[in-house]
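Whole structure, please, built from the sequences with the hints as guidance.
Protein chains in written order, with the UniProt record's numbering: chain A, 1 to 350; chain B, 1 to 350.
Treat the hints with care, as some may be off.
Identical copies go unnamed one by one, so any copy, or any two together, can satisfy a pair.
[Stated by the list, open to error] Calculated lysine-lysine pairs in the DSBU-like style (CA-CA distance at most 30 Å, straight line):
id, residue 1, residue 2
1, Lys-46, Lys-22
2, Lys-46, Lys-316
3, Lys-22, Lys-330
4, Lys-316, Lys-22
5, Lys-330, Lys-294
None of these hints come from the bench; they were simulated from the model. Quantities reported herein were computed from a predicted structural model and do not represent experimental measurements.
Number of protein chains: 2
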Amino acid sequence: MVEQDRARGTGPGARERRPDRKPTMADIAQHVGVSRALVSIVFRGKEGASEETRRRIFEAAAELGYRPDSLARGLRSNRTRTLGVLFDLRRPFEVELVEHMYPAAEQLGYHLLLGAVTPTRGQEHVVDELLRYRCEGLIVVGPDLDGHRLDAIADEVRLVEVGRAVTRGPVDVVRNDDALGTRQAVEHLVALGHRRITHIDGGPNPGASDRRAGYQRAMTDHGLAGEIRVVPAGYTDEDGAAAGRRLLDGPLPTAVIAANDQAAIGLLDVMLRAGVRVPQDLSVVGYDDSRFAKLPGIDLTSVRQDIPGMADFAIKAVVERLDLPEREPKQIALPPQLVVRGTTAAPHGA
Amino acid sequence: MVEQDRARGTGPGARERRPDRKPTMADIAQHVGVSRALVSIVFRGKEGASEETRRRIFEAAAELGYRPDSLARGLRSNRTRTLGVLFDLRRPFEVELVEHMYPAAEQLGYHLLLGAVTPTRGQEHVVDELLRYRCEGLIVVGPDLDGHRLDAIADEVRLVEVGRAVTRGPVDVVRNDDALGTRQAVEHLVALGHRRITHIDGGPNPGASDRRAGYQRAMTDHGLAGEIRVVPAGYTDEDGAAAGRRLLDGPLPTAVIAANDQAAIGLLDVMLRAGVRVPQDLSVVGYDDSRFAKLPGIDLTSVRQDIPGMADFAIKAVVERLDLPEREPKQIALPPQLVVRGTTAAPHGA
DNA sequence: TCGTGAGACTAGATCGTGTTAGTAGCTCGA
DNA sequence: TCGAGCTACTAACACGATCTAGTCTCACGA
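Next comes the structure, spelled out in structure tokens:
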């Protein structure tokens, strides 16, 4: 049997396996006395092996400490069942998103290959790395790449973008309905009796323009177009603090909606130091419902993005396009939810 | 030439490459008119190819959009140059550690394969997955696995543990010198004039017992053995808040050292609500120097672990053991650094 | 007795690369 | 003229799995 000769050592002492080499299917085959192909059949759960043989093969595998080789499997079968996820480790929002992708992928029988963008590794670099590992699909969280580059990537692999508003080409897109989030914030405040509601703007950051537009439209819809006021800022503590100092120069509004939690926290700090009581003198709403918002000392009313929903959609979208190659790409914006905590209340005069 | 016939289509129209198949070295070889082996030589930068041929091969590769296949490469060469990293996505400390591992690995020519532990994927599961991808080394951050299991893993692959205090077996270990951190905190407070310094304990959590021991020894060394007081708590906001409420029942110390930042923040909140001024009435020190500590509204004095140092050591340790198989495993504890912010000051009476 | 079909199993090609052993062609010195 | 030693290159096997196209055995019906 040529098959069996391959497994090293037909000479004396052939029985023992080399301790420095990891066992392969050939080792199991030899141990059980069947062909390598049959071992493969058993491991893939295909029919064509007797119950008795299945049992013996599994036993031998356990005894030898066999572990299937993903590289060989992927190479031969052209199906790695692997999805690449490109994200930024420094953004807690993205990390949380990734965390929720795991169970979704697992349920559909796919693995996740994480590609972290860091200061030393740009998105371009990470995409390249992921594709070398033969990901079948790619999920790009918060893409920085320009449209042309993304088109080129979509040409090579199924692509899903998370968090980008406008896209063309054969790409699924899932994002938060940012405008709806600030609208919810406005409506919450209006219901409490507020009218003088100011928006702390997020500048050029992702989602910021939609958040601003949502604020403006909601204000207008409630007959408060005359009260619209937007203070330019950004997504950092410092941006929020600077905006807070600017607010203190003039007459205070009764409520502010910040573009995100960080900015809200920076603003909160400035206000508290200036003796402005929150929520009695000023209501504050953040955006993201981050871990910071939940801290006992902060307890910030904030807009929560549907992270599990986005993760789930992203995974299902790639897998669907893998299974049904001609499926049309979908673009979806999931509704966020306002989480009311301690920084909002009825205005003083109400 | 048998070699060239393998590249599909020797019949009419053979020139065009199939758009649905990714180009391989064989395609480049055919395009340039050399053997596949030579293409491999050029890509690996080995000698044995003329400058002219090198140039033509690189040109063809660029033109065809060739991308080396990591699976095939790893399979054949038995060198994946990949290090598996097992960590918990929900722990910002570990995420930050991983972030710093990237440049260290890159510099040594290794890739990182991230294996995230989540509620649905235990450490055992993740280790298995990483080994299937033929990682050459494994870095386990905050291992939960018992010693026997880790020994078994160390038998299959080079292993480095991050953050575990005691281990045996052929394993490198890098951790923070937790005891030194609390000692630094004690010395900072003593220098400010404090004597009644209480420790908010971390319970059974990783590092907590060392932090407690460091506190106790440092107090004793400064002749304050009689002032030692330990309040049982944990690593969460709630633990810290509960400890704070207990403290309020008796006479307050002038300073507390919490086992981590979260607990410190929970405690801070309780104190501020109770009208205790920080740092005038009570100094508070945290541990970890997390993002929370840096928030403007919190501004917590805290002990910073040397995250870049730990990441660097972990990567270098695995790679060294890969290059020099007989190198003795090292165990190291890196010194932390106290970051003084706004929650510590001289005690009231001083 | 023979053909047929199903069940259990195997041989050999194959995925894309790395690697070893070799060959063709050239120059050079004896 | 020969062999040695170089450079530039090629053929063929290997890695560990999957997959196609079989083979062998046995039972069954005609």
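Subject >> Non-conforming hints, listed in increasing numerical order >> reply: Hint 5 contradicted; others consistent.
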